[in-house]
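Colleague: Here is what each chain is made of, one letter per residue.
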Amino acid sequence: MKSMTLAQVAECTGGRVEGDDSLEVSALGTLQSAQPGQLSFLANPRYRQSLESTRATAVLCRPDMVAHNPVASIVVDDPYGAFADISHRFDTAPSPEPGIHPRALVADTAMLADNVSIGANAIIEAGAVLEDGVVVMANSVVGAGSRLGQGVRLWPNVTIYHGVVIGPRTTIHSGAVIGADGFGFAPAGAGWKKIAQVGGVRIGADVDIGAGTTIDRGAIEDTVIGDGVIIDNQVQIAHNVVIGDHTAIAGKAGIAGSARVGRNCVIAGAVGIAGHLDICDGVQIMAMSLVSRSINEPGVYASGQPVDQHANWRKNTVRIRQLDDLFRRVKRLEKCSQDNGDTER
Amino acid sequence: MKSMTLAQVAECTGGRVEGDDSLEVSALGTLQSAQPGQLSFLANPRYRQSLESTRATAVLCRPDMVAHNPVASIVVDDPYGAFADISHRFDTAPSPEPGIHPRALVADTAMLADNVSIGANAIIEAGAVLEDGVVVMANSVVGAGSRLGQGVRLWPNVTIYHGVVIGPRTTIHSGAVIGADGFGFAPAGAGWKKIAQVGGVRIGADVDIGAGTTIDRGAIEDTVIGDGVIIDNQVQIAHNVVIGDHTAIAGKAGIAGSARVGRNCVIAGAVGIAGHLDICDGVQIMAMSLVSRSINEPGVYASGQPVDQHANWRKNTVRIRQLDDLFRRVKRLEKCSQDNGDTER
Amino acid sequence: MKSMTLAQVAECTGGRVEGDDSLEVSALGTLQSAQPGQLSFLANPRYRQSLESTRATAVLCRPDMVAHNPVASIVVDDPYGAFADISHRFDTAPSPEPGIHPRALVADTAMLADNVSIGANAIIEAGAVLEDGVVVMANSVVGAGSRLGQGVRLWPNVTIYHGVVIGPRTTIHSGAVIGADGFGFAPAGAGWKKIAQVGGVRIGADVDIGAGTTIDRGAIEDTVIGDGVIIDNQVQIAHNVVIGDHTAIAGKAGIAGSARVGRNCVIAGAVGIAGHLDICDGVQIMAMSLVSRSINEPGVYASGQPVDQHANWRKNTVRIRQLDDLFRRVKRLEKCSQDNGDTER
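Residue numbers (the numbering used here), protein chains in the order written: chain A, 4 to 348; chain B, 4 to 348; chain C, 4 to 348.
Heads up, some of the hints might be wrong.
If several chains are the same, the list does not tell them apart, and a pair holds so long as it fits within one copy or across any two.
Said to hold, decoys possible - Straight-line C-alpha distance at most 20 Å; calculated SDA-like pairs for lysine to any residue:
1) 318 - 328
2) 338 - 328
3) 197 - 230
4) 318 - 330
5) 318 - 55
6) 5 - 148
7) 5 - 29
8) 5 - 93
9) 5 - 92
10) 197 - 278
11) 197 - 136
12) 197 - 96
13) 318 - 287
14) 197 - 93
15) 334 - 324
16) 5 - 51
17) 5 - 38
18) 5 - 311
19) 196 - 154
20) 318 - 153
21) 197 - 165
22) 5 - 165
23) 196 - 285
24) 318 - 302
25) 318 - 266
26) 334 - 26
27) 197 - 26
28) 5 - 27
Hints in this document: simulated from the structure, not taken from any laboratory.
All values derive from a computational prediction rather than experimental measurement.
One chain only, chain A, in its complex shape:
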């Protein structure tokens, strides 16, 4: 376990220490459960009570919370961001040594920069390019002619098809599949004729792609993921989708073919976005909503229906199928009411 003095924590987070800056912390903890020797943070003043009873050695907090902090403070304006910065000092993830594992398979025509790390049974196909500091962990496959930018990290069991370009510092988690064929078929008699998917996938810099996520290659042109996009687990991104910079996509969302999502959007969990539509910048879609038309105005959108007790749900859900009829009935009543000279409204 690494260990840092509070002075070092303050330096790394651009904060200042209130208390003994020679104290040491060697791990992170939540306010509620942190032990002595651990560093915690308070981002949301609502949790002030947890601060007041914390057993952490030190807490990253805002100036106005210092008075409520029974232990040492590292005072910062953005405790959550400061916690994000410092968290990496305590990361427990393995840092693979540079070098090519004797059991890795690298094609003669692949081009590897210095300091790449290739794990056991990883496979780098012909013509692939791995820039400086790339990490490809065990059992991952990089397809022919694909290019991984500086510092790209593939966790184990990642599959990158041929003709995929990935920008610097992008991380892809296990089980993800980048560049599989888009779902492109032409009707043919009773059945279907496959259309070769000759486009590729272009992924920007500083992208994070979750476990089990799939991003298909384009039919003709590329599927494109912008810079700084963050994508959670089991997200499906179909062929020729374009995602703008810094957009966040939560787990189990699905985006159908040729949809264009703007910059700085937030797509919540299990959202479905239909194909061939546009979503402008700055749109937020709430969980389990269906987007079936283009959205041209920034803002928050939703359609998910929250649960009710089963008996109520059953009663009401059948009524939805009679809704249009009800509107007609009410219209008729309004007409009668007027004919009767009711002056209301």
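Starting from the structure of chain A, add chains B and C where the hints point.
Modeller: The following block gives chains B and C in isolation, referenced to the frame of chain A:
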């Protein structure tokens, strides 16, 4: 194919034979399609007709069904449970021999108990601990310092990250990823700052995890799956989720960060559960429902809307956006009606 | 890059050239972005404007579009189908050489026909059968006794369990898992008793299975996928499901246990189909819909609710829980209205 006498079947299921207990069965079959030499079962009396015409050699059934059974009966109180017990005698799954495949890779610092079975190209990272009888099949990866309890079985192409603890007799199917980073990012200017996910994953005993399911590691503390939890395919469980013992989660369900699900819950297919909420013990959520608030009372909950013919659906679905307005209109009509001295109600 | 003359394109697509048939094309492009040397197509007359300004060298189009085409035409009746045919000539996917990679592992009892191609670290278990021209790419696993028909192609990191039968020319993309245990458990006291899943999976000819899709083995009998079925990414097909020929299933759809889907159905993205029901031939289900009852009439069905602005959504969504009550209130008003002798309607 193994073969058992009905006497042996009765012994294994705690039942008694009505008929010739020396008859042999060598496979399982449904009542409708079973052939001579096969064993079937009747759990639900509704299917009595299938019983009356079955060609199976013997049927596991309740005492009151014996009279309707044209073939030998193994009489038990719980035919479905008895079938579950006996089914394993006819399992066709391979039982890997103990031993380490010459093409497996086991780190020097990994600790392997006796009778573990490690398949070809499987990788056991530094400091991992595999207890007695663990099976790690081909191309699976066990990350640094992770611990697999007695009899744990990983099918091929499973990925276990570092710092994951898995209880005895737990089974994990292909494509599953345990311990990938949770989706933790702090807003930073236009974009996002990644937060190192330093927690782990703790999975209990006798857990079953389906193909392609992902369970993320905790941000600070662990993600926790209780004992006897059963999880189907393509389920997403986010960081710091806690699942109580014996809860069942069907395919494609998604549970967002820090949600707590109680014991003995049943989460149906494609259900979405929002983050930072609590679901008490004994809650059942029906298919494709969205849980966006805590649930404090056991019972059945739903919000999924079943399909209608497209023409009707289109008519009614637009009306949902006018629903609040309709309520106002009806209120107005009620007021008029009262003003007119209608005495009804 | 391969290159073809327009004469060759016409021959391959059964069309005729309007223009210089000695011109060469070496890649595909969209009407909007095609460069000289590229071949494009116009399937939908709505995009005629793009045709009129295209820079492609030649365009596959219908006879009535030739007049609007500024460049050479390959005249065909079905441009989209013709494009599908020709697209494979320009495919960039690697074509693995026949042969067994020295780092592949093939069990002694596996039976391999001529011209099979087995990639690095691929594993073929005991008794598996690979017919002529089968391609198993890197890190894929074929379980004991499974059979891959002529020309089947498995991309990297595919997992085929034991006892799976796959028809000729079927393609399976990375991360897919075929034949994992169905979700079969019997209640047992507070918990669950696993039921061995002794059925297999039978997949027809010319099936296309997307990345990360899971198809479970049957509990007793087989799970069955018909001929010419096309399945997108991250689809979940549970045990004992039966899918009819030529049905299309889009990304993230889920089909629960023992459901039967007919022939020539189209299941859109993220649709959920409950277990133990029947859907007849020729049914189309729109995106994110829930099918909870059998469907016996061909046609289009839907239940997905499209997004609204959050403020409106919140107002209206709470009203759904009061809908049944509203119907009663309207009924009462109608009664009053009649008692008042209103003769309307």
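Colleague: With reference to the structure, classify each hint as holding or not holding.
Modeller: Going through the hints against the structure:
1. Taking the closest pair of Cα atoms, residue 318 and residue 328 come within 20 Å of each other both inside a single copy (17 Å) and across two copies (9 Å).
2. Taking CA atoms no more than 20 Å apart as the test, residue 338 paired with residue 328 passes in both settings, with 16 Å inside one copy and 17 Å between copies.
3. With identical chains, the CA atoms of residue 197 and residue 230 are at most 20 Å apart between copies only, with a shortest distance of 14 Å across copies and 32 Å within one.
4. Taking the shortest Cα distances, residue 318 and residue 330 sit within 20 Å of each other both inside one copy (18 Å) and across copies (11 Å).
5. In this homomeric assembly, residue 318 and residue 55 never come within 20 Å of each other (Cα to Cα): the closest approach is 48 Å inside a single copy and 39 Å across copies.
6. Taking identical chains as interchangeable, the C-alpha atoms of residue 5 and residue 148 lie at most 20 Å apart only when they sit on different chains, with a minimum of 17 Å there against 39 Å within one chain.
7. For the identical chains of this complex, residue 5 and residue 29 are intra-copy neighbours only, at 6 Å inside a copy versus 57 Å across copies, given an alpha-carbon limit of 20 Å.
8. Proximity of residue 5 and residue 93 under a CA criterion of 20 Å is satisfied intra-copy only: 7 Å inside one chain copy versus 52 Å between copies.
9. In this homomeric assembly, residue 5 and residue 92 come within 20 Å of each other (Cα to Cα) only inside a single copy, at 8 Å, whereas the closest approach across copies is 51 Å.
10. Taking the shortest Cα distances, residue 197 and residue 278 sit within 20 Å of each other inside one copy (19 Å), while across copies they are farther apart (30 Å).
11. In this homomeric assembly, residue 197 and residue 136 come within 20 Å of each other (Cα to Cα) only across copies, at 19 Å, whereas the closest approach inside a single copy is 38 Å.
12. Taking the closest pair of Cα atoms, residue 197 and residue 96 come within 20 Å of each other only across two copies (14 Å); inside a single copy the shortest separation is 42 Å, beyond that limit.
13. Taking CA atoms no more than 20 Å apart as the test, residue 318 paired with residue 287 passes between copies only; the shortest distance there is 18 Å, against 32 Å inside one copy.
14. For a Cα distance limit of 20 Å, the shortest separation of residue 197 from residue 93 across copies, 13 Å, qualifies, whereas the shortest one inside one copy, 49 Å, does not.
15. Both within a single protomer and between protomers do residue 334 and residue 324 lie at most 20 Å apart by alpha-carbon distance, with minima of 18 Å and 17 Å respectively.
16. In the homo-oligomer, the alpha carbons of residue 5 and residue 51 never lie at most 20 Å apart, since the shortest distance is 28 Å inside one protomer and 65 Å across protomers.
17. For the homomeric pair residue 5 and residue 38, the shortest alpha-carbon distance inside one copy (16 Å) is at most 20 Å, but the shortest distance between copies (56 Å) is not.
18. For a Cα distance limit of 20 Å, the shortest separation of residue 5 from residue 311 qualifies neither inside one copy, at 49 Å, nor across copies, at 49 Å.
19. Taking the shortest Cα distances, residue 196 and residue 154 sit within 20 Å of each other only across copies (16 Å), while inside one copy they are farther apart (40 Å).
20. Neither within a single protomer nor between protomers do residue 318 and residue 153 lie at most 20 Å apart by alpha-carbon distance, with minima of 58 Å and 49 Å respectively.
21. Taking identical chains as interchangeable, the C-alpha atoms of residue 197 and residue 165 lie at most 20 Å apart only when both belong to the same chain, with a minimum of 19 Å there against 28 Å between chains.
22. Within a single copy, residue 5 and residue 165 get their C-alpha atoms only as close as 40 Å, which misses the 20 Å cut-off; across copies the closest is 17 Å, which meets it.
23. Taking the shortest alpha-carbon separations for residue 196 and residue 285, only the inter-copy value of 18 Å comes in at or below 20 Å, while the best intra-copy value is 38 Å.
24. Within a single copy, residue 318 and residue 302 get their C-alpha atoms only as close as 33 Å, which misses the 20 Å cut-off; across copies the closest is 16 Å, which meets it.
25. Taking the shortest Cα distances, residue 318 and residue 266 never come within 20 Å of each other, neither inside one copy (41 Å) nor across copies (28 Å).
26. For the identical chains of this complex, residue 334 and residue 26 are neighbours neither inside a copy (74 Å) nor across copies (66 Å), given an alpha-carbon limit of 20 Å.
27. Taking identical chains as interchangeable, the C-alpha atoms of residue 197 and residue 26 are never at most 20 Å apart, the minima being 65 Å within one chain and 26 Å between chains.
28. When the C-alpha separation of residue 5 and residue 27 is checked against a cutoff of 20 Å, the pair qualifies only within one copy, where the shortest distance is 10 Å, while the shortest distance between copies is 63 Å.
The structure does not agree with the numbered hints 5, 16, 18, 20, 25, 26, 27 stated previously, though it agrees with the rest.
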